[in-house]
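S.K.: These are the residues of each chain, in order.
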Amino acid sequence: MSKNNELVDDLVAKLKRRQLVGSSAVAQATLKLLIVVISKNNWTTCNQLLNIVKSVGQRLVQANPTELAVGNIVRRVLHVIREEFREAESSAQQSSAKNQSEFHAAPLTTSSSMYNLLGETNSIPDDNVQYSSSLRSNIIQEIREIKDELENIYDSIKNQASLQIHSNEIIMTIGRSKTVEEFLKMAAVKRKFQVLVAESAPSYSGQDMAVELSKAGIETTVIPDSAVFAVMSRVNKVILGTHAVLANGGLVAISGTHMMAAAAKHHSIPVVVCTGLYKLSPLYPYDEDSFNVTFNPDSVLGFEEGDLIDKVTVTNPYYDYVSPDFVNLFITNQGGHPPSYLYRLIVENYDPNDHTFDL
Amino acid sequence: MPPKEKVESTEQVLQAVILADSFDERFQPITLETARCLLPLCNVPLISYTFEFLAVAGVQEVFVFCCSHSDKVKAFVKNYEKTSNMKINTIVSQELMSVGDAMRELDAKQLIDTDFILVTGDVVSNMKLDQVLEEHRARRQADKSAIMTMVLKKASPQHRSRSVGDGSLFVLDQGSKECLHYQPVKAFKSTREDRRMTMNMEIFDKHPEVQIRNDLIDCQVDICSVEVPALFTENFDYQDIRADFVHGILTSDLLGKTIHFHEVTDVYAARVRSTQMYDAVSKDIISRWTFPMVPDSNLQVGDCYEYRRGLVYKEKSVVLSRTCVVEEKVVIGANTQIAERAVLSNCVIGKNCIIGANVKIDNAYIWDNVEIKDNCVVQHSIIANNAVLEQGVTINKGCLISFKVTVGANTTVPAYSRLTALAEGEEDDSDAELISDPAVVGATGRGRSFTEAEGSDDEDEEEDPKNKQVNMLAFDMSELLLAAREQENSASDFESEASDLEEDQISPEEELDREVAATLDPLELNTLRMATFSNFLEMRKRVIPGVLKHIDPVAKPGSGKTAKEILSRWGPLVGKMIHDVDDQIDGAHVLHRACASLFQDVAQAQKVFAPALRYFYDEDILEEDAILEWYHSKRSQQGTDTEKKLREVATPMIQYLEQSDSDESDEDDDEEEDDEDSE
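Just so you know, the sequences run in chain order P and D. Heads up, the first sequence is in the UniProt record's numbering, so the first residue is 1 and it goes up one at a time. Heads up, the second sequence is in the UniProt record's numbering, so the first residue is 1 and it goes up one at a time.
Just so you know, the hints here were simulated from the structure itself, not pulled from any lab data. No incorrect hints appear here.
In silico lysine to aspartate or glutamate, DMTMM-like type, Cα no more than 20 Å apart, as pairs: (1) D:LYS329 x P:ASP310; (2) P:LYS311 x D:ASP362; (3) P:LYS190 x P:GLU219; (4) P:LYS311 x D:GLU327; (5) D:LYS87 x P:ASP10.
Which stretches of chain P does chain D cover? Using the computed rule of at least three CB atoms under 8 Å from a CB of chain D, they are: (6) 11 to 17; (7) 312 to 324.
The structure presented is a predicted model; accordingly, all values stated were derived computationally and were not measured. Every residue, glycine too, gets a C-beta built ideally from N, C-alpha and C.
Just chain D, same shape as in the assembly:
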């Protein structure tokens, strides 16, 4: 604890918020049994680095948000607080699903009353925040709308401490240090939206010099003002701090808030976001890039690492046998024994491990109390606490061996395996018993191969699986690129087919599409329309197909799915989207297109289209003139075969309409309508 007078002399207590949960599943199965922020990084729990970073910055009060394994985090924090001069509060909430939820919780509890530092529980950094804080405060003094300062670090695009899957594109103004636009970048851009960036052209009017940068590591260290949690509450759909919040604030004209950045050089900053980053950051720590946060500065109380030449860090109580070889970049924890002729290189070995004779360990991360018996080979993998490798086991690269797994003698574990000793579904009920899989862990082994729960993460469901793979430990890009090329070809075919109108659509509208399909309620739709600044034209484009989707052309009457039943239920809703003649003409076009694209089979499409058109005519949603204009417009006559056939279906009805008032001449209308189309 710092002396009391020190706290009073500074005007305000510097507060920080740590998001100790990662809200993803990249470290599974290991994170099934413990929290991500407690994983040992060079034998020190990950969150200790974050605490240390904040302590150096002069933070006096910390709030730690945790969700999964909160009891473990809480216990750790309580213990840590004793030796630290910061006040650390743990906030547990089981409902937290994202950063956004945590910020809303923060706002609800009203814990923060001043500018604060927002970091995740996996940041490793030796930067000093004084200058950033000073800049932020000065900016706030001058301009209240500057609500946030992001700390960004420059690094080349291929840098090892850049997370491959989590790139980001920043549009910056170096003069005013303002961030103008933000776009997340995926490693594999399989859909159109991934490859495009749409930004407001006004940016170029306001800012004479604009930089678009892809060479920045975003380690998510932000200086936030009190408005930030409040803004999360206002915009209840914000989840991610970057993709939703920063993007949202910068693209919104209404809020009028600005976000600034601070670019750092000469300091280290990275986030352990994935197993691949775990590997990279471990190596950076061993190579002392994070100085003074290196193993021999003994962040953890009770540690006593010594630095030796060749970047070897060893506790005093380690027993090295006479013939073992400790090559470069090795960390060995207390009370570990290394037997004869074992060869260690580029690895971290935890406390109380027993490494047998002739064992070869390269690039591996071996946690506490692991037993590796004679003649084992371990390559580029993570082996968690209390695991046992019997004699002659080979672990190939990229494996995650979770807690208490035993791999039987002479087993070869294939590359990228994930093994766990947790019984299937044990998270829910602890009665389930572990069924070991002898094919994976050998006859005498204990454990099973872990497969990710299907559909557990609905947000990411359509995400390219490759984007997950690049974050895996030891993943080789070259293995991935071949497969990627095929995918890309098919994607570009799809693009060329896409119609002009659709091409200009951007992701928020796609989102709207999905929501429209889900809600279908006039009041909600109207709110939705206002919320997304879209007009009735856009809404029609979405609502009509949304309604048609519900129609099952082969359904029997009475099932509630025939064209007639669906239309009578949802038709009035469509009516609400249509107001004048132009709307009606457009509505007819949309209906036409939607039928053609929704139903593959021409006969089915006709079965839907004819009653729909009829229904809209009968209900006066589409008036006579509008239908005629639609029919005679050039736009309706062009198009795919299905569209042409659908138009033919309407012919008898048109003839009937034309007969009923044959006075009108069509040709003038045609021309007029062409003009409207081109608008």
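Just chain P, with the same shape it has in the complex:
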């Protein structure tokens, strides 16, 4: 269906082989591919374009279902396409259709089955409707805006840093997160505070984080994961990065995060999560393991220990699921939101028809 199979295959293979990992990199690659797909393929109607994007999206998501950012970006693009078509449609049929399309623009009131009923008459435009030639460029333009948003995501998040971090506070974080790193560095420009970094075994990415922070002149201490609870009572704020945010406000974050969040809740210490909106997924975690990745157990128990590996089963989950009860505040590129507000962000950014990519 799509003409750019080579590019799609390439990205699918990279995702499958985990040569491309990390929400930010994955999101940007997906967006770049979708721009090419939309601009190079032939389409005339809304549904044609939606199907092209959906089929590509389905392949990308299946290639690595745990990289939720892929699905999120595809949904954002689908949402943009729908919006643009609606606009074009309303401008083409100035008079009566306007009311209907406005009715559509409020997706909350349309259940998916009802939408389909109405969609037959409204969303699929008649063949004789002539879209303005600028439609394609309008859509591309809108998608480029998402791209700009992705590129500037750290700026908009870190600008809120001085509101959250005060002088002489002790901040705790875990693992390495680019977003948290930028956030703390920004805060350090104005304020003086101390950071404790849990190293997050067995990946030990916390150690890299600590190196980066101390380079920026922040007073940083690396602590083992086992010491998190012990020092929690002295901490003023826990700032976390995350791999993904789920529809209920739960996090898929590096292993050790759940423990840290639970310790913080025990001591009633606020937990702040820094995340770009592209990590917000409309999917719901029906099972704690559903979005987790289990890595090679080598770093937990060496493969060389030949006799032992027959007798024991070792699992090495890379992520933790952190339930929304543990999170006090999300700091996104659109400002700070409590977990209970996430549903609204999901409605604004995604169309309910796109939660699954079934054609």
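Following the hints, put chain D in place on chain P, whose structure we already have.
M.R.: Same frame as chain P, but now just chain D:
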């Protein structure tokens, strides 16, 4: 396909060669019907793992060599290529018998023009080759003689993913990353050569630090330069890449090539060489050691496995009944149905299988479209596509049930059985009809017990059968060790009897022995002598017994086998091996010993020895002086009873010789000759 500009930006296309044939019969009878590299490993064809491994390494062009079932391999590869961004060429040659043949074919076709990756079609690995390739290229830049880099993985000797029968000993220099010597190690060392390693002492002069390692898994991933196929062509007798090629290159002074190694840790690499390895690698994949090559990364297009807690991988379309129990480490393929109260643990179940009620499956590998009816028990076995187990069948451990076999109701299949539904000799002509064996598969069953074709593999004929057994699925070492002890005792007796001279012989010379017996042609023998760097002394030791072997002491004249006839035919050949007096004396000794050892019966030995000595004297091959010296030497007077008796046979002739020139004194000669002996 990668975008075109990407190919051009890298200077050269990275090529790889896959040897899709295993050249052995460890998976029979299953491999009678399909190629080894297409066997499903965790429901994905084996070769897919190899392709994936190469694709991750950035390989752009692959050559697949296949021999048996090449049509199936070809079809698979063609299909696979569509979804892959590599260019895959299949090369079919029915004459390929070994790795060496494949490499010669590669050289003949001139397909490779740069360094390439050589792997077998059964490698499962998640390692990244960039670093190895970089190292290899850097070495090649510095030194053109570095022709090959082997990738080795460290693992303890008892590791489950080590193939028990295929150990190897590496002598390495960690400083220069050079491999200095290689020796294959068998699991059961029944002969002397198996237990010994002979290496050149010069190694210690050149390399201040040398490691002798037995803790490396050799998964036969090699980075080869273009010279490697050419060297195979030059040395037309190289068969195996390790035992012949690496060993040969490293022991040869003439070639001056070096082989390097790269030791990897923290990554997974193994070869599915045998059913035992099939079991181990399957478990490693399920336990995610091969990450990201795990079932839930869906290597095969169209698969949709999900990971569940407890290392359970399940397709979405699987139907599990309410009361069935799926324990740990289970893979279940698409559209499979599991009935009530079935218990599954540590197993792989393929697509479209039907598992009946109360079935217990443990440690088993069940491929596609298999039907297992109620109350069956399957332990540690492989059951191939479309097999049917009727109600109440018990499959004991270590069984291989091939395609389309039906096991009748309430049959118990004994441990280590190999069943096939292929009629005997069907590989040759398809007219043969399957004769089912009710004793094995039950009254309503379909299939027969498979026995390996005798003498089909002449190379391995003298191999210890135990070395084959250790590679079998679910084989228990403890069952084997008791039997092994007896064998070992008898072997050591044999050793103590062996004479000093023979003890120092090593396997290449033994090989020569065999070849000498086979050729017996002066020109060829001379080439052979040069080829193996042996001298005339060695040649005599082999040629004379070789000739004598042809003599049949009880044959009638005219049959062409009497001493006289044989000697007149082959005697001149022996003459060519003898040049001066020392040679003659030695020749007499060799003749003496050879007669004594070849013929058990003293009378027979005498019947051969006397005419032989006479003949050599008459033909001036052995001159008078030499015979006398031999007779009076201490060496000829010692020895076994047979040897002493043989010497007595020569007495009349000696007396005759001594009379004819009695002037000479013997005693001086004796002393001189002793000196020569001790040299």
